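Colleague: Go by the hints and put chain F onto chain G.
Line by line, the protein sequences give chains G and F.
Heads up, the final residue of the first sequence is numbered 116 in the numbering used here, and it's a clean run with no missing numbers.
Heads up, the final residue of the second sequence is numbered 1112 in the numbering used here, and it's a clean run with no missing numbers.
In short, the hints are calculated from the structure, not lab data.
Note that this is a predicted model, so its numbers are computed, not measured.
Any given hint might turn out to be false.
Said to hold, decoys possible - DSS-like, lysine-lysine: derived pairs with alpha carbons at most 27 Å apart:
no.: 1; chain 1: F; residue 1: Lys1111; chain 2: G; residue 2: Lys44
no.: 2; chain 1: G; residue 1: Lys52; chain 2: G; residue 2: Lys9
no.: 3; chain 1: G; residue 1: Lys71; chain 2: G; residue 2: Lys40
no.: 4; chain 1: F; residue 1: Lys1003; chain 2: G; residue 2: Lys41
no.: 5; chain 1: G; residue 1: Lys41; chain 2: F; residue 2: Lys1111
no.: 6; chain 1: G; residue 1: Lys22; chain 2: F; residue 2: Lys1111
no.: 7; chain 1: G; residue 1: Lys67; chain 2: G; residue 2: Lys41
Claimed, not checked - Partial chain G-side listing against chain F, Cβ under 7 Å, derived:
no.: 8; residue: Gly16
no.: 9; residue: Ile45
no.: 10; residue: Phe90
no.: 11; residue: Glu104
no.: 12; residue: Phe107
Glycine included, C-beta positions come from ideal geometry on N, C-alpha and C.
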Amino acid sequence: DTAVSQTPKYLVTQMGNDKSIKCEQNLGHDTMYWYKQDSKKFLKIMFSYNNKELIINETVPNRFSPKSPDKAHLNLHINSLELGDSAVYFCASSQDKKVANTGELFFGEGSRLTVL
Amino acid sequence: DAKTTQPNSMESNEEEPVHLPCNHSTISGTDYIHWYRQLPSQGPEYVIHGLTSNVNNRMASLAIAEDRKSSTLILHRATLRDAAVYYCILRGGSGNTGKLIFGQGTTLQVKP
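Chain F with its partners taken away, still in its complex shape:
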């Protein structure tokens, strides 16, 4: 599975947008980009995923670079509840094992 690189930590102010970057320079053409987050003392929670086009859902937006070597998770208005570890994960489109490989993620702190 291709590797992802994320900053260890980021800070944001409440009600401001947050852009969480992820580099995946060795991504293959069939790899999907997944984002999960883990709130304190909880299990990971799915956020969003995409292949080539930008994606929006009720939680966040995913902006994927044209060459697909990087992506950005966008939280449009951070709330205190968004403080969590955010994981960027690549999954092969041809894979059928359902295995997610979690890296260290980005710890997001949200200041009131």
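Isolated chain G (complex conformation):
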């Protein structure tokens, strides 16, 4: 079983559309994240939720809205898509929010979004 699974894996859409990427983890973790990897391959955190509560919001445009129906799911909804939103989006989870001493984030395989 995949620990952190994202759907869809590929998404091609037109500018101005609204789309969602879903993420589920079956590890029983309390904390989930969304990271964005742009064309230059830099990975940056966007959001983090701990037990359905938003704990990190990295000045992401408000067209991006994460939604956590329960602690095993963190979905990313994007309104009014722009060309610059094209990237690979990674979902991740960790046992708790104190990554420094527990160490490990588990990442999904990524969802490649292409905006035309």
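Modeller: The following block gives chain F in isolation, referenced to the frame of chain G:
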């Protein structure tokens, strides 16, 4: 968060050891040193982390300098599957946000 510096790329031969360096001269006393790697077309994968002492696990070893201003990730026998981007990341021990700041990493090429 303290900054890390890694070489852009390194090459290795298959079945030979690989030493991937990381400089972190501004590390604070509570910063943990984490290593992740990203295989092509996959998400990042945790490799190892440590604070002061050297660490070993099934994937790799982490050697931390006595002054903690540098560290080295050691792959004991590189395989073709180890070709990836390796990221050295510092995380504050007092931090509670779980945020990892990824730099450019080191792209490791493994030659057969």
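Colleague: If a hint holds in the structure, say so; if it does not, say that too.
Modeller: Right, here's what the structure says about each hint:
no.: 1; hint: Lys1111/F - Lys44/G; verdict: violated (30 Å)
no.: 2; hint: Lys52/G - Lys9/G; verdict: holds (24 Å)
no.: 3; hint: Lys71/G - Lys40/G; verdict: violated (31 Å)
no.: 4; hint: Lys1003/F - Lys41/G; verdict: holds (18 Å)
no.: 5; hint: Lys41/G - Lys1111/F; verdict: holds (23 Å)
no.: 6; hint: Lys22/G - Lys1111/F; verdict: violated (37 Å)
no.: 7; hint: Lys67/G - Lys41/G; verdict: holds (25 Å)
no.: 8; hint: Gly16; verdict: violated (28 Å)
no.: 9; hint: Ile45; verdict: holds (5 Å)
no.: 10; hint: Phe90; verdict: holds (5 Å)
no.: 11; hint: Glu104; verdict: holds (4 Å)
no.: 12; hint: Phe107; verdict: holds (3 Å)
Checked against the numbered hints listed earlier, the structure breaks hints 1, 3, 6, 8; every other hint is satisfied.
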